[in-house]
Amino acid sequence: MNLNAFFRSAKFRVLLCVLALLTGIMLYSIRSGAQTDRFTRVLHAVTAPFRHAASAISGEVNERLDTYYEAKAYREENARLREQNAILNQQLIGYDDAIHERDALRDQLGIKEKLADSVLSEPCKVLMPLTNDMTGSFQIDMGEEDGITLNAPVICSAGLVGVVTELSPHYATVTTILSPELSVGAVVLETGDSGIIEGDLKYAADGRTKMIYLDEDSTVKPHDLVITAGTTGLFPYGWPIGNVTETGIESTSLAQYAVVEPTVDLSELDTVTVLLDFKGKGESFGEK
Amino acid sequence: MKSKRQKKPARQSRTRSERRTIRRNFIRKALSIILILLCWFPMLGGGMQPLWTIPAAICISMNEDMYFCMAAGVIGGFGIDIACGNPLGANAIYLVICCTFVCLLFEQILRRSFWHYLVLTAVCAFLRSGLVYLFSSVLFRVSGREVLWQRMLLPSAAWTAAAAVPVYLCFLPLSRLLTSRVRSMDSAAIHRDFS
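If you read the protein sequences in the order shown, they are chains D and S.
For what it's worth, my numbering labels the leading residue of the first sequence as 1, then goes sequentially.
For what it's worth, my numbering labels the leading residue of the second sequence as 1, then goes sequentially.
If a hint is listed, it holds; no wrong ones were tucked in.
Facing chain S, from chain D, some residues (calculated, C-beta under 7 Å):
{"#": "1", "residue": "K11"}
{"#": "2", "residue": "V18"}
{"#": "3", "residue": "L22"}
{"#": "4", "residue": "S29"}
{"#": "5", "residue": "I30"}
{"#": "6", "residue": "T40"}
{"#": "7", "residue": "R51"}
{"#": "8", "residue": "A54"}
{"#": "9", "residue": "M128"}
{"#": "10", "residue": "P129"}
{"#": "11", "residue": "L130"}
{"#": "12", "residue": "N132"}
{"#": "13", "residue": "M134"}
{"#": "14", "residue": "P180"}
{"#": "15", "residue": "D200"}
{"#": "16", "residue": "A205"}
None of these hints come from the bench; they were simulated from the model.
Idealized CB from N, CA, C, for every residue including glycine.
Let's have the full structure, built from the sequences with the hints guiding it.
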């Protein structure tokens, strides 16, 4: 059979039909946007037990392999932590002052009060990190039927994790703050400078994100804490995002940027909480 | 002129050998599907992973008929779509085309050998990474896209090519034990030479 014969054969027509069908499915899937389409829902439902099992097994295997393969790294980390411990012991003298300062900062942020007004979901299990995704996006085991809504902020005790960007009845996909697709209004606690947290693949590879549109004369420095600004009504005010690790001037403009290390270790997440409702939700800055 | 309502010839009962071949083909194809699903299983672990279903689908394409290759491409592609969070069908289209092309190559030009399989798997894996890079980063001028290529897509393609070895070893018993003695390429050659 030569190639001409193949193009005239029934096989080629079947191939074209299959490709047309798949293209249709893909376009339908893309058109559905954030709401998971029916095909994907069916596939998710069918594959749910496999994914649960794969998640459990890979977690267990990774944990065991990690002990052996990362032994050297752990030894180094242990030595570093010992040094850090010694330094911290030196600093214990100022411990009481630090406690007072921390309480003052907490009051300033009003996190406790804000959380009292918030409606939180049940703890959601991190089911499946997306394969070959640099930004650490993942799926959680709760969805539309558990009250999760689109664009709801996802948090854990350490800080902001990301946003729900795709919903299906029993699952939701969370895009993390490392992703360039996500923009979060943020403010630097120490200086009051505001900007936008928007991921950059260059930094996402190291588990860091970027704060852009900082003023040219901003005095932001490393170790400053970045929190949510709460001006868009999408996120509550005062939720920790991360600490500044470096600053610089954008090559394309005069604005400054800061590289931010999230307060949450996104690679070690087991459970997260979705913020279903909070004070100021849906109120943008101008409407307040 | 022949009448349209001619009686069909009575169906001849299959010989024992034919029945055995059909049974073997069915078992082989069922096991192939199970193996490709098993290859999809580790891809759900997240992080940087080889895309195991690519070598599995290519390996199936090396030994099976074209319709089954397309089916393997669809299953493998959907597996990648689910694991990587891509729009459903995107990788399936790519893998169906790859599998059909590989099947044609092995039917028409190439001898069935491990090295050919390895090269074709590597080509498919790197080409996929290139397409993902093009459609997800280059067209949208995403900042830091070179990091995506260097740290994620390139290693993933390299691991996928490397994964061809264990996948081949998994599929080897299937093709050895359950394939008829006269393979499709040889039968095509016989057909070409003697017809």
